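Those sequence lines, one after another, are chains L and A. Numbered by the numbering used here, the letters in the first sequence go through residues 4 to 179 in order. Numbered by the numbering used here, the letters in the second sequence go through residues 4 to 179 in order.
Hints are not guaranteed to be accurate.
Since the list gives no way to pick one copy over another, a pair counts as held whenever it fits inside one copy or between any two copies.
[Stated by the list, open to error] Pairs of lysine-lysine residues, derived as BS3-like cross-links and limited to a Cα-Cα distance of at most 27 Å, are as follows:
hint, residue 1, residue 2
1, K38, K99
2, K33, K7
3, K67, K38
4, K38, K165
5, K123, K165
6, K7, K38
Hints are computed from structural coordinates only; laboratory data are not their basis. Since this is a predicted model, take the numbers as computed values, not measurements.
2 protein chains.
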Amino acid sequence: MEHKGFTLWFTGLACSGKTVLADALAEDFKKRGMKVEQLDGDIVRKSLTSDLGFTQEDRNENIKRVTFVAKLLTRNGVAVLASFISPYNEIRAYSKTEIGDYILVYVKCPLEVCEKRDVKGMYAKARSGEINNFTGIDHPFEEPNDADIIVETDKQTIEESKQIIVDALEMMGYLP
Amino acid sequence: MEHKGFTLWFTGLACSGKTVLADALAEDFKKRGMKVEQLDGDIVRKSLTSDLGFTQEDRNENIKRVTFVAKLLTRNGVAVLASFISPYNEIRAYSKTEIGDYILVYVKCPLEVCEKRDVKGMYAKARSGEINNFTGIDHPFEEPNDADIIVETDKQTIEESKQIIVDALEMMGYLP
Numbered sequence: 004m005e006h007k008g009f010t011l012w013f014t015g016l017a018c019s020g021k022t023v024l025a026d027a028l029a030e031d032f033k034k035r036g037m038k039v040e041q042l043d044g045d046i047v048r049k050s051l052t053s054d055l056g057f058t059q060e061d062r063n064e065n066i067k068r069v070t071f072v073a074k075l076l077t078r079n080g081v082a083v084l085a086s087f088i089s090p091y092n093e094i095r096a097y098s099k100t101e102i103g104d105y106i107l108v109y110v111k112c113p114l115e116v117c118e119k120r121d122v123k124g125m126y127a128k129a130r131s132g133e134i135n136n137f138t139g140i141d142h143p144f145e146e147p148n149d150a151d152i153i154v155e156t157d158k159q160t161i162e163e164s165k166q167i168i169v170d171a172l173e174m175m176g177y178l179p
Numbered sequence: 004m005e006h007k008g009f010t011l012w013f014t015g016l017a018c019s020g021k022t023v024l025a026d027a028l029a030e031d032f033k034k035r036g037m038k039v040e041q042l043d044g045d046i047v048r049k050s051l052t053s054d055l056g057f058t059q060e061d062r063n064e065n066i067k068r069v070t071f072v073a074k075l076l077t078r079n080g081v082a083v084l085a086s087f088i089s090p091y092n093e094i095r096a097y098s099k100t101e102i103g104d105y106i107l108v109y110v111k112c113p114l115e116v117c118e119k120r121d122v123k124g125m126y127a128k129a130r131s132g133e134i135n136n137f138t139g140i141d142h143p144f145e146e147p148n149d150a151d152i153i154v155e156t157d158k159q160t161i162e163e164s165k166q167i168i169v170d171a172l173e174m175m176g177y178l179p
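Start from the sequences and build out the full structure, keeping to the hints where you can.
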């Protein structure tokens, strides 16, 4: 089924629930017959960003490359689910300008809750100093002031957060 | 119009006519109502490969990133025209495996002819030693032994070469 392409950009701390939400939405979109691509660190690291670390410069370069891919997919009718911490307002603004049909979802969750989840044990490593430049610990996260959608994963179930996004996309006319 | 995606990958020396051919085919495909994206060095350098030079390692990394983009576009129904010198059999084989619907076009043209064209004055710079690792001068070009289509731009007009490619794609069932 042909539909208008768009990029749903998830920003938020590690373990805030970005990828879990993207997974749930991808399934929903596919059931609607839409073309879907997911982009996140795990997916792009091998082929697109293997040389990059976690300094501000590297993070921005990471987002630049992903934005290029999302832009091309979006203008060819794909629903792109991009899950990246993407902690800076400036680079998120860049992605928005480049991609055009860009919907910013702020996956809001207090640091303490994210840190308790610590799915991959990264917060523990950041606290012990084993890894550096970890967002929320020794690297800043700028809360977005221009999110199109905000979900709060400490207060909502994944299903509830998902429904908020689906409802918003339907209102915007992005879902067939 | 929905159609099967594919990547038409042009390999050949600088000034062999890769991009000119890709431009002509892009126009043809668009007239057919197809979704088209062009990828070449000028297009990807800003956003995707700004950090890369022309060593073998960097060239391979360049092709890896482009291949990732071409793969995603291809599986979403886009006709991708990728024009890269891509001088090694090994990395071309990688792209083919990754992309799947991949048609290799060898844009064949003798070095002497390419060097006479020298659109951007790069051959002159390579000869004078101002730039290094220039394919055909001080860097190898491995002729493909598995090209799906060969065009010879020193013997054919662009229109003739284009028609050879269009005929082949029609035979393969890629054109609507």
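> Can you give the numbers of the hints that this structure goes against, from lowest to highest?
Replying inline: Going through the list in order, the structure violates no hint and respects every one.
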